[in-house]
Every structure is written in structure tokens, then in C-alpha cells.
Amino acid sequence: MRASSPEESCHVLPPDSFDDGVHLFAAHAEGQALGIGAMQLIAPKHGELKSMHTLDTARGRGVGRAILHRILAEAQTLRWTRMSLETGSAALFAPARALYEAHGFEQCPPFGAYVEDPHSIFMTKALP
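Everything in the sequence shown is counted per the numbering used here, starting at 499 for the first residue and increasing by one.
Keep in mind the hints are simulated off the structure, nothing from the lab.
Where hints are given, some of them may not hold.
Claimed, not checked - Each pair of labels, with its calculated beta carbon distance range: (1) Pro608 with Ala527: 18 to 26 angstroms; (2) Gln605 with Gly529: 20 to 28 angstroms; (3) Thr579 with Ala600: 14 to 22 angstroms; (4) Pro626 with Gly529: 20 to 28 angstroms; (5) Glu528 with Pro593: 18 to 26 angstroms; (6) Lys543 with Pro608: 16 to 24 angstroms; (7) Pro607 with Gln530: 18 to 26 angstroms; (8) Gln530 with Ala611: 30 to 38 angstroms; (9) Gly602 with Gly558: 18 to 26 angstroms; (10) Pro593 with Ala624: 19 to 27 angstroms; (11) Val613 with Ala571: 29 to 37 angstroms; (12) Cys606 with Ala527: 17 to 25 angstroms; (13) Pro593 with Gly529: 35 to 43 angstroms; (14) Gly529 with His551: 24 to 32 angstroms.
Predicted model only: the values in this text are computed from it and were never measured.
Glycine residues also receive a C-beta, built at the ideal position from the N, C-alpha and C atoms.
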């Protein structure tokens, strides 16, 4: 993200923000972490999908899809009713946007503390 976007457009979670309010998930195979994802409650029953990443060597193997399924299942278990996310607008992020769209996310205006940014696309999904 930092290599493809200006600093003010990078919205990654800093390591010191991981507390009880952040849920972190990882996909593993043969003792190696292949991908991570996180979610955070940002308003009552409204979560934000944060920090999805899959190793280059694991891309195309369903790792991101598996993590996204796990995150959405956990959000439903917690009875959250909406999940939103911010992702990049550059071509580099097209596979991520396609994954989110395939799982029912739709583009939306900025949410929470976000503001319009040409480097960002905002998406949201109502949860059952």
C-alpha cells in the first residue's frame, strides 16, 4: 500500500492499535501464514474490514476468499449488521475489489472518519 499510494492515503492499522477492539485472522498452510485480515467495530453493529493481505506466492489459491468468509462469519456471530471497507483505487487493487464485489460489497461514500480521496474506494455490505 505505501509503495502505491501517498502517505495520507494509507489507512493501514498501526501495530499499537491491536487491542480488544480489533479481531485479527490468518490463513496458514504447512506452518506458514499465507494471508491476514482484520476487522474492527467502528459504530454500533457496524464493522470495518481492515488490513487484508495475501502473500504473493499464495495468490490465486483462495486464501483471500477464505479469510473474507471467516471475517464475515465472525461479524455475523457478533450480530454486526454492516461491514464496510476502504481499498485502493489503483489497478494493483483490482483483484481485491473484484473479491469484495463477488461477496456483495458495493461502492459507497466515505464512512467513519474517512474523506473523499482519489486513491481510495469505499465499499459496504449489509450483513444478514
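Going down the list of hints, with the structure as the test:
At about 36 angstroms, the beta-carbon gap between Pro608 and Ala527 misses the expected band of 18 to 26 angstroms. Checked against the given bound of 20 to 28 angstroms, the beta carbons of Gln605 and Gly529, roughly 38 angstroms apart, lie outside it. Against the hinted window of 14 to 22 angstroms, the Cβ-Cβ separation of Thr579 and Ala600 comes to about 21 angstroms, which satisfies the hint. Range check, Pro626 to Gly529: Cβ separation about 35 angstroms, and the 20 to 28 angstroms hint is violated.
For the hinted restraint 18 to 26 angstroms between Glu528 and Pro593, the CB-CB distance of approximately 24 angstroms keeps it satisfied. Checking the proposed 16 to 24 angstroms range against Lys543 and Pro608 shows it holds: the Cβ atoms sit about 19 angstroms from each other. Checked against the hint of 18 to 26 angstroms, the C-beta distance between Pro607 and Gln530 comes to roughly 38 angstroms, which is inconsistent with it. Under the hint 30 to 38 angstroms, the C-beta atoms of Gln530 and Ala611, about 35 angstroms apart, fit the expected range.
Between Gly602 and Gly558 the beta carbon distance is about 21 angstroms. The supplied range of 18 to 26 angstroms therefore holds. At about 24 angstroms, the beta-carbon gap between Pro593 and Ala624 stays in the expected band of 19 to 27 angstroms. Remark: the range hint 29 to 37 angstroms for Val613 to Ala571 is upheld by a beta-carbon distance near 31 angstroms. For the pair Cys606 and Ala527, the supplied restraint of 17 to 25 angstroms is violated, since their beta-carbon distance comes to about 34 angstroms.
About 26 angstroms separates the C-beta atoms of Pro593 and Gly529, a value inconsistent with the hinted range of 35 to 43 angstroms. Under the hint 24 to 32 angstroms, the C-beta atoms of Gly529 and His551, about 18 angstroms apart, miss the expected range.
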